[in-house]
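Here is what each chain is made of, one letter per residue.
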Amino acid sequence: MGGKGGSLGELQRAGIAVPPGFVIKTGAFERFIAALERKAPLRSRIEALGSDDLSATTARCDETRARIEAEPLPAEVLDELTSAYSALCGPSGGGQSPVAVRSSATTEDAADASFAGLQDTYLWVTDLNQTVQRVRSCWASLYSVESVTYRRRRGLPEQAVAMAVVVQKMVDARTAGVMFTRSPLTGDRSVVTVEGSWGLGSAVVGGEVTPDRWVLAKITGDISIRTLSEKLIQHVPAPGGGTQSVAVADELRRTACLSDAELQELRTIARKIERHYGRPQDIEWAVDRRTNEILLLQSRPETVWSAKESAPVARPAADPLLHVMSIFGGKQ
Amino acid sequence: MNTPAPSQRFPLPSSLRVVPGTERAQAAYSYLTQFTEADDNRFWFYNSMHFPEPMSAFDMVTAEAAYCALGAANTRVHSLPTTLGIDHRIINGRVYIGGNAVTDPAEIARRTAEFQQRAFYYYANWETLQAQWHEKMMTLIRDAQALPKPELPEFEPLANVHAGRGVASNHYLLDTYQKTLEGYFRMWHHHFEFLLLGYGAYLTFFAFCKKAFPEITDQTIARMVAGIEAEIFRPDDELRRLARRAVELGVDAKFQTLLSADEIIAALQQSGTAGQAWLDELETSRNPWFNINVGDGFYHYHRAWNDDLSMPFACLPEYIKRVKSGESLERPIERLRAERQELIEGYRELLNTDEDRAAYDQMITLAHRVFPYVEGHKFYCEHWYTNLFFNKIREFGALLASQGFFPDTEAVFHLSHYELEMAIIDLMSAWSNGSAPRGPAHWPGIVSERRAALKEWATHVTPPALGPVPDVIDDPAIVMLWGITRENLNAWLAADSGADSNEVRGFAASSGVVEGPARIVKSVKEISRLQAGDILVCQITNPTWAPIFQTIVAAVSDIGGSMSHAAIVAREYGLPAVVGTGNATSRIKDGQRIRVDGGRGVVTILG
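Those sequence lines, one after another, are chains A and B.
The opening position of the first sequence corresponds to residue 5 in my numbering, with each subsequent residue numbered one higher.
The opening position of the second sequence corresponds to residue 93 in my numbering, with each subsequent residue numbered one higher.
Do not rely on the hints blindly, as some may be mistaken.
[Claimed, not checked] To give a feel for the contact side, a few chain A residues facing chain B, derived at Cβ under 8 angstroms:
| id | residue |
| --- | --- |
| 1 | Ala39 |
| 2 | Leu40 |
| 3 | Ser187 |
| 4 | Val195 |
| 5 | Ala221 |
| 6 | Thr224 |
| 7 | Trp309 |
| 8 | Pro316 |
| 9 | Arg319 |
| 10 | Ala321 |
| 11 | Val328 |
| 12 | Ser330 |
[Claimed, not checked] Here are the simulated DSS-like pairs of lysine-lysine, each with C-alpha atoms no more than 25 angstroms apart in a straight line:
| id | chain 1 | residue 1 | chain 2 | residue 2 |
| --- | --- | --- | --- | --- |
| 13 | A | Lys43 | A | Lys276 |
| 14 | A | Lys276 | A | Lys312 |
| 15 | A | Lys312 | B | Lys303 |
| 16 | A | Lys312 | B | Lys271 |
If you are wondering where the hints come from, they were derived from the structure by calculation, not from laboratory data.
Note that beta-carbon positions come from the ideal geometry of N, C-alpha and C, so glycine has one too.
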């Protein structure tokens with residue numbers, strides 16, 4: 005089971021609402037690669053690459069991705085995918101029920117070496133054929149120049165590289181964004197930082213809009229900072245599939261995109277997720293336009309501050325009273 | 093906010109002028125409190141936290157007694173390593189104070205060794221010593237209560253003569269006066285016996301939290317440590333109880349907003365057994381919980397509820413209304429306790445390492461141990477004992493006024509305590525000699541001159557600080573008791589240099605955002621100007637004004653840290669509060685619309 009696919013399932017079991025969907029497990033990827041390996045070696049050719057030979061890497065990645073994109077799915081994998089897709093989107097599939105196809109590499113989401121974003125996410129995928137295409141594209145993205153270079157530099161074994169793919173119904177979001185279960189500025193774990201804007205989260209994640217921003221105390225819920233910004237555009241579903249950027253109505257530009265009650269609900273979700281994983285998280289969320297339900301789209305371990313943490317703030321003292329010397333003893 | 097250039101400094105003490113025409117009133121303060129040229133080399137700040145209004149000559153006894161005791165505890169008793177006591181000076185009735193830091197490393201090391209033998213003994217035996225403190229304090233209170241009313245009979249009572257007492261009544265004026273004064277000085281020693289150690293232990297935990305959680309608010313840390321049943325909440329709890337009892341006894345209709353306390357009591361006396369039952373309840377509450385004064389205890393005119401029932405009675409109709417609308421006025425002790433526990437455990441869980449958690453446990457355990465004293469001492473010292481003290485002086489005032497020394501009883505507070513002893517000896521002599529006292533020809537002119545000076549001084553703005561700005565404020569006493577930090581000083585300097593911003597910044601004391609009209613209350617006498625929906629803007633928010641917190645929607649103060657009792661009460665009432673702004677009362681105009689963001693510590697002037 006891959007990182008992202010595994011994550012969402014775990015979260016659902018922890019009582020957190022996620023969009024309905026299914027996971028194409030790493031086993032499917034293994035069968036797919038095995039079929040390719042039978043025709044010609046694949047993994048060994050990648051592993052043979054030098055970590056700094058950019059032109060050789062580029063050529064071999066292009067070749068490998070082309071092989072993946074051209075290879076039909078093994079019959080039993082296609083059957084499984086087809087029936088799971090029909091169960092999710094109805095037998096006709098498609099137009100009425102767009103899905104997101106997200107990659108989930110086993111090495112991605114690992115707290116020690118996140119390379120989030122190196123694999124691809126495809127939004128507003130509208131039918132089964134496209135879904136199959138996108139699954140292959142996700143798998144192929146494991147062999148992008150960036151991903152391969154990353155692995156080669158760290159000497160990660162290719163045998164361990166696998167990818168689950170998550171297929172989820174798209175959420176038509178009224179409001180969406182990200183949150184961190186710590187302060188990105190100070191690393192403080194006692195706050196939750198929420199950033200959100202109108203419409204789909206892609207506008208926030210892609211940096212196309214300056215989101216509203218809040219800082220909440222994780223334990224008390226006190227909101228210490230609220231910064232409302234001018235939200236000029238939002239991403240919405242496009243009529244023929246995909247998304248488009250449209251102007252935000254004047255009266256909503258300076259209006260908070262989340263209510264205080266929703267912020268508190270996000271805080272509760274953030275705490276649950278963090279407690280579930282036992283470490284700070286970086287979370288994507290959306291508020292469903294129809295139901296106003298908050299859905300969790302993705303959760304990754306926070307890596308920047310976690311890598312810095314080292315010495316304790318204070319250590320226990322043999323005589324607890326010695327702690328007061330930090331106040332009474334003057335500048336040490 | 094501008095960071096001042098290093099050369100920037102506050103006005104020098106020598107540049108301050110005694111307001112023309114008040115020179116003689118200024119001379120009433122003892123020589124050791126007058127600024128001299130040498131004082132220009134030191135940093136001073138205006139102690140508007142404790143002395144927000146010009147001090148009358150008698151009331152200066154509080155500065156004298158309190159700093160004698162504070163200094164003794166720091167310098168000689170516990171031997172704080174880096175700080176000695178506090179010097180004070182007075183000009184135009186305003187009290188400026190300056191700390192004496194210890195900076196020589198060898199001396200700090202020597203004092204540290206002493207400190208650990210002394211202070212650590214206190215921490216280790218805190219509960220026993222605190223129980224002993226309570227006994228000492230109650231003995232002191234009983235002794236003060238037992239002091240006789242100063243009186244001079246025409247003839248010595250026959251019983252005294254037959255008993256062979258051999259000491260005449262006039263001697264007991266001096267005896268009672270000196271015991272009154274002695275008790276007050278002693279009380280301040282009790283006050284400081286634990287206080288700095290208590291604050292220090294609290295601040296140790298506070299500093300740890302700030303390091304571990306850089307964005308935690310001061311108020312959250314305070315909530316982790318604050319007691320749920322501290323004495324400071326009791327007077328207000330009693331009012332709530334009395335409101336409930338009034339409804340239960342069916343006498344609530346007697347409490348009309350426009351009636352005075354006397355009129356309400358008279359109406360209850362005529363309401364049969366139910367009325368009497370309520371009045372009995374009132375007596376239970378009054379002793380001792382109405383021994384709380386409407387200020388911080390540092391001014392003779394901050395009268396206790398027991399001496400002036402108008403304050404507590406003014407609050408009863410509102411409480412009764414709330415009881416009748418079905419609201420429970422009971423403070424939810426169990427829930428508050430559970431919430432506090434949840435906070436403590438919540439933050440503990442967020443710490444990065446087990447070592448941090450072990451250190452956290454050690455520090456919060458000590459903070460919880462010391463905090464009941466920090467929160468509780470004020471009721472006994474600044475309120476109960478201080479009321480007894482000022483009321484005893486008032487009895488001398490009445491006696492002297494009856495002999496023509498003063499136009500009225502309260503005039504006594506315009507003599508310094510040294511002068512008052514002179515006046516008493518004058519009366520003692522006149523009584524013994526059979527001649528007329530000299531005081532009636534001496535004091536009335538002086539009293540009216542000093543009264544006029546106080547009135548004049550109150551109209552002058554005094555600088556928040558004087559002298560060169562220190563690079564760091566590393567004096568734990570100054571930081572703990574006054575919340576003065578280098579950041580505060582920068583804010584004061586920036587405000588001084590004519591900042592045109594419409595923001596006033598201070599400590600975030602109690603979260604929430606509220607808008608409303610500002611009501612500038614410079615003295616406790618102006619409290620009645622507050623209307624429902626007003627935002628209180630004052631020099632120091634005062635916890636004993638607690639009941640008015642049900643009228644106002646937010647509070648802003650010039651001075652005070654997030655651990656000031658004001659901040660505690662604001663949190664208790666769930667009102668936004670920003671404290672320690674330095675100059676809110678001068679920058680905000682009465683009636684101006686302002687927004688108070690108590691979570692960020694920002695007040696915005698809207699127009």
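Outcome of the hint check:
no.: 1; hint: Ala39; in the structure: 47 angstroms, violated
no.: 2; hint: Leu40; in the structure: 45 angstroms, violated
no.: 3; hint: Ser187; in the structure: 5 angstroms, holds
no.: 4; hint: Val195; in the structure: 5 angstroms, holds
no.: 5; hint: Ala221; in the structure: 6 angstroms, holds
no.: 6; hint: Thr224; in the structure: 6 angstroms, holds
no.: 7; hint: Trp309; in the structure: 10 angstroms, violated
no.: 8; hint: Pro316; in the structure: 4 angstroms, holds
no.: 9; hint: Arg319; in the structure: 5 angstroms, holds
no.: 10; hint: Ala321; in the structure: 7 angstroms, holds
no.: 11; hint: Val328; in the structure: 5 angstroms, holds
no.: 12; hint: Ser330; in the structure: 6 angstroms, holds
no.: 13; hint: A:Lys43 - A:Lys276; in the structure: 47 angstroms, violated
no.: 14; hint: A:Lys276 - A:Lys312; in the structure: 24 angstroms, holds
no.: 15; hint: A:Lys312 - B:Lys303; in the structure: 15 angstroms, holds
no.: 16; hint: A:Lys312 - B:Lys271; in the structure: 63 angstroms, violated
Comparing the model with each numbered hint stated earlier shows that hints 1, 2, 7, 13 and 16 do not hold.
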